[in-house]
Amino acid sequence: MIVLARLAIGLLIATALRAGVTAVAPGVAGLVDPFVVVMVWVAVATTPMPAQLAGMVTGLARDVFTGRPFGLGGFAGTLIGYAVARFAQHLLVRQPRTLALVFALAAAAEQAIVAVLESILMGDPVVPSIDRVAIRVAATTALGVLWYNSEHALLRSIARWRRERGGRLRLG
Amino acid sequence: MSARRDRLILVLLLSGQFALVSSQGGERQQTVAESTLTRLLGPFASAVTATQRAAEDVPARAATRSSLRLENERLRAELEVARQQQVELVRVRGELARLAVMLDYRDFTGTKAQVADVVYADYASWLRTLVIRGGRGARFEVDQPVVSTDGLVGRIVGVAGPWAKVQLLTDRVAAVGAQLARTRRQGVVRGSGSGQLHLDYLSRQAEIEIGDLVQTAGIDGVYPRGLMIGSVVAIGTGGELFHDVEIQPAVDFSRLDQVLVLERSEIPEVLRRPQGEDSP
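If you read the sequences in order, they're chains Y and U. Residue numbers for the first sequence follow numbering that gives the first Met the number 0, beginning at 0 and rising by one. Residue numbers for the second sequence follow numbering that gives the first Met the number 0, beginning at 0 and rising by one.
By construction, these hints were calculated from the structure, which means they are not laboratory data. Ideal Cβ placement from N, Cα and C applies to all residues, glycine included. Don't take every hint at face value.
As the list claims (entries may be wrong) - Selected chain Y positions facing chain U (Cβ under 7 Å, derived; list incomplete):
(1) Ile8
(2) Ile12
(3) Pro47
(4) Gln51
(5) Met55
(6) Ala60
(7) Gly70
(8) Leu71
(9) Gly73
(10) Phe86
(11) Gln110
(12) Ala111
(13) Val115
(14) Ser118
(15) Leu120
What the hints assert, rightly or not - From the derived model, a few chain U residues whose C-beta atoms are all more than 10 Å from chain Y:
(16) Ser1
(17) Gln16
(18) Leu19
(19) Gln23
(20) Glu33
(21) Leu36
(22) Leu40
(23) Arg64
(24) Leu69
(25) Val91
(26) Gln204
(27) Arg224
(28) Val232
Claimed, not checked - Pulled from the structure, derived: some chain U residues nowhere near chain Y, Cβ distances all over 12 Å:
(29) Arg38
(30) Ala46
(31) Glu77
(32) Asp256
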């Protein structure tokens, strides 16, 4: 249930970010991938089974907003969700450096998987330049870290508010 | 067991999606899943985009609102000034209209006019008269026409310095050469002593209607042509030759407080003499 809630919230935020960035700066929209962030954000908090399903849905949602064949993003998302969930089962990924590494690897893997699939299935893939891949990995990583820190800040605020509220109720 | 199941599901998912992409054969085709996701996420994306665009319009709208407010304030100030000017113009227009009527009389008759104040009115006697007083340097003469802004009042019958006595049209012995404004048929207007006027010597062949305007004809050597006398209010059978016409004076004599005394245009002496008097 929590996974579903995270997935729904993540998809809405990613869609909003995507649409917002596209409206403000269309050229920048392709340099950052919020859907990869959602894939990682959901997968880190769950097991491989729901993680791969969430990754698939997120990837397919991403495909809605791109011109590439529908399913490429889903394929990549399924793999990434599974891999991150498996990784998170063995390592503690809540540290900032580890998180950044996971986001960076996920962003790079997503592009690599899509490029390979395109080369296999379509024969004439659009291979992005190294610079563009690097920028995209860096931007997505930064967004992922920011996303995670924002979530933790929000959770801390809610917890503090609950404590304060409980204290007042006991005093009353 | 769980890991094996996860890997199995992973393989199934990847195979299915691989087949999905392969089935598209490099061409962009709309699938049911894609259509469903588009329906789910499309409105949200549209809402975000619309909100974004609305937010972008905020500064422009604020600037427009600010300029409109400034323009509104300026227009309000101009409107206030215009209203004040309008009030002044209405007042001046009324003044001009009153003066224009007086000037029209002077221009229309082609004569100069002197303004005189009515200082006494005698409406009781048979000889309906006014006493007027001119301004500084005023000089009146007997038989000078006296008019008001509404029409003919009468003529001067006596002068005493700046003072003058005016015989009103309604005097029983007053007579004015007149004509119907519509048909130019001529007659003589006489006072009845009761405040009404009669138009005499108007031929029965002359066309006349109630409401016809009567004005001076300029044929009596005293009054210039075109001064308003009054309007026809009654047409009687009269005699065999002439209509019996009653006229309502254009001037309300009971409300006169200021009149114009027109300069009399003398008829050349040679024209006053009977025909053949100059000939040897």
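Cross-check of the supplied hints:
1. Ile8: violated, 12 Å
2. Ile12: Hint on Ile12 of chain Y: violated, closest Cβ of chain U at ~10 Å, above 7 Å.
3. Pro47: holds, 4 Å
4. Gln51: holds, 5 Å
5. Met55: holds, 6 Å
6. Ala60: With a minimum Cβ separation of about 6 Å from chain U (threshold 7 Å), the hint on Ala60 of chain Y holds.
7. Gly70: Status holds, d = 4 Å.
8. Leu71: holds, 6 Å
9. Gly73: holds, 5 Å
10. Phe86: violated, 13 Å
11. Gln110: violated, 16 Å
12. Ala111: This hint is violated: Ala111 of chain Y lies away from chain U, its Cβ roughly 15 Å from the closest one there, beyond 7 Å.
13. Val115: violated, 11 Å
14. Ser118: violated, 12 Å
15. Leu120: It holds, given that the least Cβ distance between Leu120 of chain Y and chain U is near 5 Å, below 7 Å.
16. Ser1: violated, 8 Å
17. Gln16: violated, 4 Å
18. Leu19: Incorrect as stated: the minimum Cβ-Cβ distance to chain Y is 4 Å, not above 10 Å.
19. Gln23: violated, 5 Å
20. Glu33: violated, 4 Å
21. Leu36: violated, 5 Å
22. Leu40: violated, 5 Å
23. Arg64: holds, 23 Å
24. Leu69: Answer for Leu69 of chain U: holds, closest chain Y Cβ roughly 30 Å.
25. Val91: Since the minimum Cβ distance to chain Y is about 61 Å, Val91 of chain U lies beyond 10 Å and the statement holds.
26. Gln204: It holds; Gln204 of chain U is separated from chain Y by about 94 Å at its closest Cβ, greater than 10 Å.
27. Arg224: Consistent with the label, Arg224 of chain U stays out of reach of chain Y, its closest Cβ about 85 Å off (over 10 Å).
28. Val232: Val232 of chain U is indeed farther than 10 Å from all Cβ atoms of chain Y, at 84 Å.
29. Arg38: violated, 10 Å
30. Ala46: violated, 8 Å
31. Glu77: Fine: 42 Å to the nearest Cβ keeps Glu77 of chain U off the interface.
32. Asp256: holds, 81 Å
Consistency with the previously given hints fails for numbers 1, 2, 10, 11, 12, 13, 14, 16, 17, 18, 19, 20, 21, 22, 29 and 30, ordered from lowest to highest.
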